[in-house]
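Given only the sequences and the hints, what does the whole structure look like? Please build it.
Protein chains: 2
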Amino acid sequence: MNNILIIGCGLLGSSLLRRIHKKKIVSKIFIYEKSKKSINKFKKLKLPGTLIKRPEDVVSQSKLIIICTPMSEYKKIILRMNKSFQSKNIITDVGSSKLKSLEIVNKNLKKGIFWSSSHPIAGSEVSGPENGKQNLFENKWCVLIKGKRSNKSHLKFLKSFWNKMGSKTIEMTPDKHDKIFSITSHLPHLIAYNLVKSAQDFEKKQKYDLLKYSAGGLRDFSRIAASNEIMWRDIFFDNRTNISKAINLFIKNLKSFKRDISLKNNKSILKKLTQTKKVRSKIIQLKQDINKPDFGRD
Amino acid sequence: MNNILIIGCGLLGSSLLRRIHKKKIVSKIFIYEKSKKSINKFKKLKLPGTLIKRPEDVVSQSKLIIICTPMSEYKKIILRMNKSFQSKNIITDVGSSKLKSLEIVNKNLKKGIFWSSSHPIAGSEVSGPENGKQNLFENKWCVLIKGKRSNKSHLKFLKSFWNKMGSKTIEMTPDKHDKIFSITSHLPHLIAYNLVKSAQDFEKKQKYDLLKYSAGGLRDFSRIAASNEIMWRDIFFDNRTNISKAINLFIKNLKSFKRDISLKNNKSILKKLTQTKKVRSKIIQLKQDINKPDFGRD
Chain A
1 MNNILIIGCG LLGSSLLRRI HKKKIVSKIF IYEKSKKSIN KFKKLKLPGT
51 LIKRPEDVVS QSKLIIICTP MSEYKKIILR MNKSFQSKNI ITDVGSSKLK
101 SLEIVNKNLK KGIFWSSSHP IAGSEVSGPE NGKQNLFENK WCVLIKGKRS
151 NKSHLKFLKS FWNKMGSKTI EMTPDKHDKI FSITSHLPHL IAYNLVKSAQ
201 DFEKKQKYDL LKYSAGGLRD FSRIAASNEI MWRDIFFDNR TNISKAINLF
251 IKNLKSFKRD ISLKNNKSIL KKLTQTKKVR SKIIQLKQDI NKPDFGRD
Chain B
1 MNNILIIGCG LLGSSLLRRI HKKKIVSKIF IYEKSKKSIN KFKKLKLPGT
51 LIKRPEDVVS QSKLIIICTP MSEYKKIILR MNKSFQSKNI ITDVGSSKLK
101 SLEIVNKNLK KGIFWSSSHP IAGSEVSGPE NGKQNLFENK WCVLIKGKRS
151 NKSHLKFLKS FWNKMGSKTI EMTPDKHDKI FSITSHLPHL IAYNLVKSAQ
201 DFEKKQKYDL LKYSAGGLRD FSRIAASNEI MWRDIFFDNR TNISKAINLF
251 IKNLKSFKRD ISLKNNKSIL KKLTQTKKVR SKIIQLKQDI NKPDFGRD
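Heads up: the protein sequence lines correspond to chains A and B, in order. Per the working numbering, residue 1 is the first one in the first sequence, and the count goes up by one each step. Per the working numbering, residue 1 is the first one in the second sequence, and the count goes up by one each step.
Simulated from the structure, these hints should not be mistaken for lab results. No false leads were mixed into what you were given.
Note: identical chains are not told apart, hence a pair may lie in one copy or across any two.
With a straight-line cut-off of 27 angstroms between C-alpha atoms, the simulated BS3-like cross-links for lysine-lysine are:
1) Lys267 <-> Lys37
2) Lys258 <-> Lys205
3) Lys277 <-> Lys204
4) Lys264 <-> Lys278
5) Lys292 <-> Lys168
6) Lys287 <-> Lys133
7) Lys34 <-> Lys133
8) Lys252 <-> Lys207
9) Lys152 <-> Lys212
10) Lys46 <-> Lys292
11) Lys277 <-> Lys245
12) Lys44 <-> Lys34
13) Lys34 <-> Lys267
14) Lys146 <-> Lys207
15) Lys267 <-> Lys100
16) Lys245 <-> Lys271
17) Lys133 <-> Lys43
18) Lys204 <-> Lys258
This structure is a prediction, so every number in the text was calculated from the model and none was measured.
Next up, the structure:
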């Protein structure tokens, strides 16, 4: 039973599929996908792996099971597969927030079954199996979650698995994970969506042709605001307590910026504008972004 | 007197210098720069053009004068050069906001002298002569401003000049310009600075090592938030009325997002998250950004 079962063949699922196949990690990869559109794409792309109709039927042959669906699907999947799950299955998921999604897992997963959650910090504004790529996880972090239902030896296995995917791993509690990513990922996405929404509102009201002039900043936000809406709705709902706190901090700071601007408070604004600059250098130093001006565009 | 005088040898000034030289547009380019650091870089880089110490001395030999300094320098430059300016000089600047900066121009520029303002929608998070490049303006918009002191034939000359720089041009009033760019450029920059500031505040409070995990969104904002602080202070102060309105709209929308998240209002949030998606496609269609997922990084 050394096979791998992937549930959900979107950007992440299909990237894992490509990588596992390329690195010849197991002889057999099962893949389950419920969307007809994605199944057709899978066939057209001739992706590796065996497409299956009933994931519960291959659980006994699968050592590792990776759930790559939106988090709002977890409950349905667990209830469907509970009967088939065995304690030796190493079950993980790739969801971007953990506290609430693991509450669903804890509540619904059959007794004696483990669930050791993962969060690879990799993604894109595009989704679907056609956009997956085998090097999506290369040099990225993957957070492994020590939760109520996780298992030490399973986490050890997952560490080695994600290393094979090209990632570095780190362990965190669900609480710490959700706090950190509310700031480094969830708030930025919300802000990007909100900025683009505000530009749309302004355009409608003023009847100006704005987007032609988006190269001065807006275009960067539009990329993030093009991300998958189901995935992001799930994250926003799931991590709502931390995100609400992050929004409050953001609005408080924005009002302070507005005051500086209205009062032309030179000292205060220059302090803000120079301090934030240091963050970019740190991010480049940590190899979390490309070291080229303007992301190397043009 | 077909020469060109560039005042300020930063990112934009040095990019113009490189382009004018490469395209052999004039035989002589004068360049004035007050910062010793930038003068040394200019010499080390062996940039083209004749470095001068007194810009007022070459005004009579220069048809086109391009001010590429921060907007807060305009008054000083005008007062210094007023005596030398002639009505046949085609004077322009490359500042990013127009209403207030042109008020300074109108108030201080000697009678009978024209000032036809430009705004090339091109830039980067890096600054200084070492980062300039001859193709910075290629396929970018350049807005030409019809203002109180602009001159029709000068604007026509500038249109042709910016075309040689590789740009498309469009004419606007200062009022329309400042409204549009408060949304497409100034607010996005302010928001990026504010997000990075909020992440710093959070990091300090929680003592978490955040930046390691910035690949999930924050890194994109950190690029914009690394932009030149003097230039952006000037823009924020100069266009403060429009930016304040933009901030108000942004906060109103953000509070609505927060409500949707707290109440788990599925219909309302999905409407927002899908509508914003369309903006990205339009921006790509308008060739205002690179048509590759994740800006083609990795």
